[in-house]
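Visitor: Residue-level listing of the chains:
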Amino acid sequence: NAGVTQTPKFRVLKTGQSMTLLCAQDMNHEYMYWYRQDPGMGLRLIHYSVGEGTTAKGEVPDGYNVSRLKKQNFLLGLESAAPSQTSVYFCASRYSNQPQHFGDGTRLSIL
Amino acid sequence: KNQVEQSPQSLIILEGKNCTLQCNYTVSPFSNLRWYKQDTGRGPVSLTIMTFSENTKSNGRYTATLDADTKQSSLHITASQLSDSASYICVVSDYTGTASKLTFGTGTRLQVTL
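Chains A and B, in that order, are what the protein sequence lines are.
Residue 2 in this note's numbering sits at position 2 of the first sequence, with consecutive numbering throughout.
Every number in this note's numbering is 111 more than the matching position in the second sequence, counting from 1.
Bear in mind the hints are in silico, worked out from the structure with no lab data behind them.
A portion of the hints provided could be inaccurate.
[Stated by the list, open to error] No more than 27 Å apart at the CA atoms, straight line, and that leaves these computed lysine-lysine pairs for DSS-like:
(1) Lys168/B - Lys70/A
(2) Lys212/B - Lys112/B
(3) Lys212/B - Lys182/B
(4) Lys57/A - Lys168/B
(5) Lys112/B - Lys182/B
(6) Lys128/B - Lys168/B
(7) Lys71/A - Lys14/A
(8) Lys112/B - Lys57/A
(9) Lys57/A - Lys70/A
(10) Lys71/A - Lys212/B
(11) Lys112/B - Lys128/B
(12) Lys71/A - Lys57/A
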């Protein structure tokens, strides 16, 4: 039982490059979330999904896109990376009103 | 605007000592308050979750309190261990009837030393 798995764990990009972060959960959770964590700030919600095939914008969605084609996977895409997107990205999932389960993060640096 | 403020920002204590972390919030309407532990390089892990009617909840050596009137919560760690070194994040959930939104504090970084 792996819980929430994020890949890759680390990545360095150049400005303007694109990439996709993958989040996979094996707990059959309906809800999935993408957050970013920056120094001195609380976690901020980028996008979330309440079920397969559905996505919604969070607090800081600009510059990101997401897809939830399968219930267990939630993808976060950066179409044209910018230095302001340097951050640690966390994926989380939950069942009903239970606490969220978090992955261990993807550390992304954009030069 | 919903806000969650935590204090202190950082704390160093000797192994075996107790400590208390504080969380003040201005979130409305209030649904529940959660404390998470985040080890360095890892994702947050839930410690406790409390609703409006709960004043105290324990999880081993961790005891959380909630005063919904003053909008304050505390996390008390008893007999600290080196493995308690981590960031502790207070998270408050609102609920508007259609969806809930979480507001995260910036965390208290605790270091337990010998």
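Visitor: Compare the structure with each hint and give your call.
Guide: For each hint, the structure was consulted:
1. Note on Lys168/B and Lys70/A: the hinted pairing is violated, with a Cα-Cα distance of about 36 Å set against a maximum of 27 Å.
2. This hinted pair checks out: Lys212/B and Lys112/B have alpha carbons roughly 12 Å apart, not beyond 27 Å.
3. For the hint pairing Lys212/B with Lys182/B, the CA-to-CA distance comes to about 17 Å; that is within 27 Å, so the pair holds.
4. Taking the CA atoms of Lys57/A and Lys168/B, the gap is near 33 Å; set against the 27 Å cutoff, the hint is violated.
5. Among the hinted pairs, Lys112/B with Lys182/B is consistent with the structure: their alpha-carbon atoms are about 15 Å apart, no more than 27 Å.
6. For the hint pairing Lys128/B with Lys168/B, the CA-to-CA distance comes to about 20 Å; that is within 27 Å, so the pair holds.
7. In summary, the hint linking Lys71/A to Lys14/A is not supported, as the alpha carbons are separated by about 31 Å, beyond the 27 Å threshold.
8. For the given pair, Lys112/B sits about 18 Å from Lys57/A by alpha-carbon distance, which is consistent with the 27 Å threshold.
9. Proximity of Lys57/A to Lys70/A is assessed by CA-CA distance (about 18 Å); at most 27 Å being required, the pair is judged to hold.
10. Among the hinted pairs, Lys71/A with Lys212/B is consistent with the structure: their alpha-carbon atoms are about 21 Å apart, no more than 27 Å.
11. A hinted pair counts as satisfied when its Cα atoms are at most 27 Å apart, and Lys112/B with Lys128/B does not qualify at roughly 36 Å.
12. Only pairs whose Cα atoms come within 27 Å are accepted, and Lys71/A paired with Lys57/A is accepted, the gap being roughly 18 Å.
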